[in-house]
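K.L.:
For the protein sequence lines, the chains are B and F, in the order given.
In this text, residue positions in the first sequence follow this note's numbering: the first is 1, and each later residue adds one.
In this text, residue positions in the second sequence follow this note's numbering: the first is 1001, and each later residue adds one.
I should point out that these hints are in silico values taken from the structure, not numbers from a laboratory.
A couple of the hints might just be wrong.
Quick list of in silico lysine-lysine cross-link-like pairs, DSS-like style, CA-CA up to 30 Å [said to hold, decoys possible]:
#1 B:K76 - B:K34
#2 F:K1148 - B:K188
#3 B:K65 - F:K1040
#4 B:K184 - B:K124
#5 F:K1147 - B:K85
#6 F:K1025 - F:K1040
#7 B:K119 - F:K1032
#8 F:K1111 - B:K157
#9 F:K1043 - B:K119
#10 B:K157 - F:K1003
Covered stretches of chain B (in silico footprint by chain F; criterion: 3 or more residues with CB under 8 Å from a CB of chain F, positions within the stretch not fixed) [stated by the list, open to error]:
#11 1-13
#12 73-85
#13 136-146
Glycine included, every Cβ here is placed at the ideal spot set by N, Cα and C.
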Amino acid sequence: MSKIWAFMMIFSMAVAIFLGSPGDVISYIMEYSKISIQNILELAGIMCFWSGIFNIFENTSAVTKVSNFFNRFIFKIFDNTKLSKRAKEYMSLNIVTNILGIGNAATVNGINAMREMQKQNDKKDVPSDNMATFVLVNTASLQLIPTSMIAMRAMYKSANPSSIIVPVWIVTIISLITGVTMIKILNKKFR
Amino acid sequence: MIKISYIISAIIPTMILTVLFIGLKEKKDIFKLFIDGVIKGLKVIYNIFPYIFAITVVIGLIRSTNALDILIYPIRPILTKLGIDENIVPLFILRPLSGSASTSYVMELFKKLGPDSNPGKIASIIMGGTETTIYCTTILLGAVGIKKARGILIAGLMADFAAIITAILLVNLNIIKI
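Start from the sequences, fold in the hints, and give me the full structure.
P.N.:
Shown next, in the form of structure tokens:
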């Protein structure tokens, strides 16, 4: 991650100095710093909302039911012995919200799940196998119906905006299988 | 079609209603729990902000300095030979990095070529079927203060690569009517 960031930063600076207009760089930095503040403000509102709603849900007995339901299949790809009850609950909520396409709520639950898993993690500066697999599941788009994309296609006058649903499912399944298989192999390799 | 979109739009309010209902049924102080949750949410925002900031600025820079175009330039002719429209190529790099950058790129693409063109279809499928891998990883690991990603980024980007290939094949070979 640090490498990717450093590479992009150095490369853009080098391009600006040698091939572009170095004088514009500071205005780009100012512009995008402003954009990131705007983004976080938008994100902060909706994340606080979902965090509030799911805090209610976490404190009811229903959360155990959701978690038990997922216990049967989803947790097969994780090392079950190292997952606390709380972690499983957050992970289930994260997966449910991902499938329903409520991305911000999924982020809130995903972060809570990561924190619970971090408590069981032996080496605090490296993600555990379970954490790595969990992040991978989150980087595959589990959303059942790609609503925002369908809306965007409709906005630009597509003849059949929702025709992408089945291809999107195929793509999601293939990328999920690839990702989980790869992380299982890489988890063993990167010790 | 109207009915399906109605059901989809009812998902979120129904879920909120269900949560509130369960809370009341189990005699919880839902207002207090909500407030506690908001406080937790604020702390999360505080923790992940530096990571969001770092990514947003670097993506802005790589796009506005034209560094992205230069990065893609050498592979462009190879991809065109494989029948991949060059307009779609920057999306392969933007998608894992940023949701807003890739969305605005696809909007430009739709404006230029239309959502039902070949590149338009490929872009739609990629946007629907993949996540912002690098951004997502940064936030989830950042929230617990981990800076080493082990194999996550390699595996995630390979999954994205598989997704891109699948999307291109689905559109170009016309297996399913899109």
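K.L.:
May I ask which of the numbered hints given earlier this structure violates, with the numbers listed in increasing order?
P.N.:
Going through the list in order, the structure violates hints 1 and 12 and respects the others.
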